[in-house]
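Asks: So you can see what is in the structure, the chains are spelled out below.
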Amino acid sequence: MTWQSRAKQVPQGGDGSSDFHSEQDSSGPAGDEQGGPAMTRRVAITGLGVVAPGGIGVKAYWEMLTAGRSATRIITHFDASPFRSRVAAECDFDPEAAGLSPQEIRRMDRAAQFAVVSAREALADSGIEADTYEPTRIGATLGNAVGCTTSLEREYVVVSDGGRKWNVDHEYAVPDLYRHFVPSSMVGELAWTAGAEGPAAMVSTGCTSGLDALGHAAELIREGSADMVITGATEAPISPITSACFDAIHATTPRNDDPEHASRPFDRTRNGLVLGEGAATLILEDLEHARRRGAHVYAEIAGFASRCNAHHMTGLKPDGREMAEAIDVALAQARIDPSAVDYVNAHGSSTKMNDRHETAAFKRSLGHHAYSTPVSSIKSMIGHSLGAIGGLEAAACALAIEHGVLPPTANLTEPDPECDLDYIPLHARERRTDVVLSVGSGFGGFQTALVLARPERSSR
Amino acid sequence: MTAQAVVTGLGVVAPNGLGTEEYWAATLAGTSGLGPVTRFDAGSYPSRIAGEVPDFVPEEHIPSRLLPQTDHMTRLALAAADWAVEDAAVDPAALDEYGMGVVTAASGGGVEYGQRELQQLWSRGKEYVSAYQSFAWFYAVNTGQISIRHKMRGPSGVLVTEQAGGLDTLGHARRHVRHGIPLVVSGGVDGALCPWGWVAQISTGRLSTADDPDRAYLPFTDQASGYVPGEGGAVLLVEDAEAAKARGAERIYGEIAGYAATFDPRPGSGRPPGLRRAVEEALADARVTAAEVDVVFADAAGVPELDRAEADALTEVFGPYGVPVTAPKTMTGRLFGGGASLDVATALLSLRDGVVPPTANVTAPADGCALDLVTGSAREAPLRTALVLARGYGGFNAAMVVRRV
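From first to last, the protein sequence lines stand for chains V and L.
So that you can map any letter, position 225 of the first sequence is 225 in our numbering, and since no number is skipped, the others follow by simple counting.
So that you can map any letter, position 328 of the second sequence is 788 in our numbering, and since no number is skipped, the others follow by simple counting.
It is worth saying that the hints were derived from the structure and are not from the lab.
Where a beta carbon is used, it is the ideal one built from N, C-alpha and C, also for glycine.
Worth double-checking, as some hints may not be accurate.
[Said to hold, decoys possible] Just a few of them, taken from the derived set where beta-carbon distance is under 8 Å, the chain L residues facing chain V:
| # | residue |
| --- | --- |
| 1 | A566 |
| 2 | A591 |
| 3 | G614 |
| 4 | G617 |
| 5 | T621 |
| 6 | T664 |
| 7 | P725 |
| 8 | G728 |
With the sequences and hints as input, model every part of the structure.
Replies: Here it is, written out as structure tokens:
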């Protein structure tokens with residue numbers, strides 16, 4: 001029997017549900033990839049922090065998302081006039097006002113600053129104190145796709161004297177250059193913020209980095225390597241080299257005359273993604289630990305899987321096959337039947353290729369239920385922040401479960417006839433939400449699915 | 461029952477040998493691959509020695525359509541992955557596509573490619589930037605390219621923990637195997653031998669400024685004055701032992717028996733550093749005692765303070781002169797995401813042949829450094845269990861136990 005066929009035979013729902021809530025039972029949703037013999041530990045999200053375009057902090061972020069407001073605008077970080085695409089979703093972020101010290105500001109790239117500010121909010125939100133966990137039992141993971149791009153480009157321009165020198169000048173290098181050069185320094189900042197001395201790693205799988213960092217963090221708790229993990233994702237890519245890269249492959253939208261409506265996933269008139277930036281931090285804990293200390297639990301990370309399309313570094317096939325496989329495995333691991341999914345947070349990058357690819361994937365995995373499941377893309381409001389977006393989307397999913405409100409797909413006024421699901425156009429929707437599926441798709445062929453669920457959801 | 465993760469294939473690209481057996485023969489003979497930088501003009505820099513992979517002709521290893529879209533280190537990685545698959549006699553087309561994953565380590569990405577495109581942008585304009593730059597430089601590139609080349613559609617990943625990444629990826633590959641994925645291509649191949657990567661490292665103050673290749677990288681000695689950067693690494697084929705047996709795998713180099721990762725406390729916290737704990741947790745994970753470890757492959761930073769910290773951690777766990785310690789990376793330089801993977805490959809070859817390669821160029825450890833450092837020539841010994849250590853800039857520690865099966 002192949003591994004794949006075993007994965008397909010996992011009981012989903014029904015007979016798997018009887019032991020689902022049994023606290024003393026060793027079965028939980030955190031089984032192995034086949035959904036086989038499950039491990040004891042379940043993983044809770046107990047703290048959230050966000051730095052996003054249009055809103056610093058969880059409260060402002062959620063208000064913006066549920067209002068269906070777009071934070072996209074003409075780029076202000078640099079003079080983007082030479083570029084084909086001049087739109088981005090930028091954070092109005094003042095590091096000093098956000099509480100960072102002068103030395104922290106000097107030491108950290110903008111992306112690291114975002115991460116630390118969101119981490120402090122998440123830690124405060126979780127109610128975790130310095131002595132709640134032994135430092136060696138705290139892990140840290142961070143998703144990020146393009147590192148300290150902004151700082152690196154700024155420093156490159158200086159040491160190369162504006163691109164004139166191939167033999168760049170070491171005497172003009174700043175002392176922190178290597179910290180920017182190896183982006184793992186950012187997960188180091190996150191670890192220091194939480195006092196983490198357990199396993200730490202930056203996860204860098206392009207645009208699925210954020211979801212993959214969460215999956216990695218959940219795994220550290222399940223396998224017993226940590227009791228708590230500070231995890232999340234950050235990116236600050238809005239810089240000339242990033243614009244040049246995406247211009248060169250026409251990935252970003254040229255809709256410069258209408259920047260606030262430029263990110264339009266699933267809309268017939270969409271013509272490319274809008275670059276974004278930001279960070280989200282999530283505090284993950286072993287569910288039992290979290291309950292014992294009386295923590296507020298937003299949701300449980302119930303399932304996670306990633307697959308590769310092994311097709312093309314930037315292209316997608318229209319059939320959505322590998323994303324569907326990731327969804328199937330993540331749901332099987334969570335022991336949740338596809339018909340129980342209440343909401344799908346789509347990758348929805350506002351490119352024709354993506355929107356059709358994942359619509360096909362949802363139909364493959366959810367079957368007929370895909371047509372009655374609300375789906376939305378918050379990239380319509382906060383743009384596509386590459387490695388950070390998975391973290392920001394997971395935070396939004398946790399908030400959707402918390403508040404029973406689904407964020408909309410903004411700017412979706414003329415649906416693409418090839419995309420025929422319920423994409424929650426324009427306006428947020430109230431709906432009790434127990435199970436959320438969040439997906440990501442990225443350069444390199446990565447396809448990831450994450451299942452968040454209310455831990456005390458009714459049996460299925 | 462937990463699946464056993466075994467290594468069934470190796471692919472090595474190193475400054476002192478292209479291909480596993482070439483590398484192994486050179487390493488046992490104490491032949492160094494360090495020399496003056498030739499890839500670019502290093503004359504104006506305070507550091508001028510590197511470990512370059514010689515005689516690698518990309519056209520001989522990489523399909524021509526991939527040449528314009530790959531950094532040098534990605535080309536090396538693709539070759540190493542090919543060799544690992546070949547060495548294990550795996551035919552990916554005959555296996556379940558979702559049962560094969562790829563996990564690699566990265567540090568700075570495709571730095572030389574990135575420097576070239578930054579120069580195009582800033583000296584000529586944005587229309588001169590390559591359409592491939594968006595992915596050719598980024599950290600996920602090697603995993604993406606290897607998965608495409610071998611049509612491996614299983615769980616994949618990329619971990620960035622600077623030099624610790626070579627162990628963290630193998631630890632992650634073992635996780636996938638334990639979760640039912642039969643085969644994972646894993647490890648690291650890395651390098652940033654271009655002025656931009658060079659200057660970034662000079663800024664740390666940890667790069668050796670010696671001009672004699674044999675005196676430039678002398679870890680654990682009184683003359684230690686920094687490290688020498690190199691390029692290369694190893695790709696390892698990690699398989700579920702049962703799955704390997706079922707497909708008739710010819711060779712099992714050894715088992716990934718134990719692994720742990722820790723992070724150092726914030727400087728000034730007064731708390732102990734994490735390296736010793738990584739070692740102890742990896743030994744516990746492998747269910748072996750310190751006395752059962754036959755050889756240690758050290759991180760060997762070449763920076764006095766870091767060398768001392770590593771020697772102290774080893775002495776605390778194994779006792780003074782308690783276990784043979786070696787650092788064959790004195791022959792390759794430090795390889796970033798690739799170094800620790802190469803050390804694991806080297807450790808497996810040591811187990812296979814019952815011989816510990818020397819720490820080339822080092823004659824005697826520093827006063828107060830109570831290590832049984834294998835120097836001079838290779839040392840024959842019956843070997844069953846090896847420990848590999850790695851540290852990544854900024855506080856990352858990792859330890860891995862490999863064992864003959």
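Asks: Run every hint past the structure and note whether it holds.
Replies: Status of the hints after comparison with the structure:
1. Hint status for L:A566: holds, given a least beta-carbon distance of 6 Å to chain V, under 8 Å.
2. For L:A591, the suggested interface contact is upheld, since its CB lies about 5 Å from the closest CB of chain V, less than 8 Å.
3. For the restraint placing L:G614 at the interface with chain V, the shortest Cβ-Cβ distance is roughly 7 Å, inside the 8 Å limit, so the hint holds.
4. The restraint placing L:G617 at the interface with chain V holds, with a minimum CB-CB distance near 6 Å, inside the 8 Å limit.
5. Because the beta carbon of L:T621 sits about 5 Å from the nearest beta carbon in chain V, less than 8 Å, this interface hint is met.
6. Look at L:T664: its Cβ gets to within about 5 Å of chain V, closer than 8 Å, so that hint holds up.
7. Against a cut-off of 8 Å between C-beta atoms, the interface hint on L:P725 holds, since the closest Cβ of chain V lies about 6 Å away.
8. With a cut of 8 Å, the hint placing L:G728 at the interface with chain V is violated, because the nearest CB-to-CB distance is about 11 Å.
Checked against the numbered hints listed earlier, the structure breaks hint 8 alone; every other hint is satisfied.
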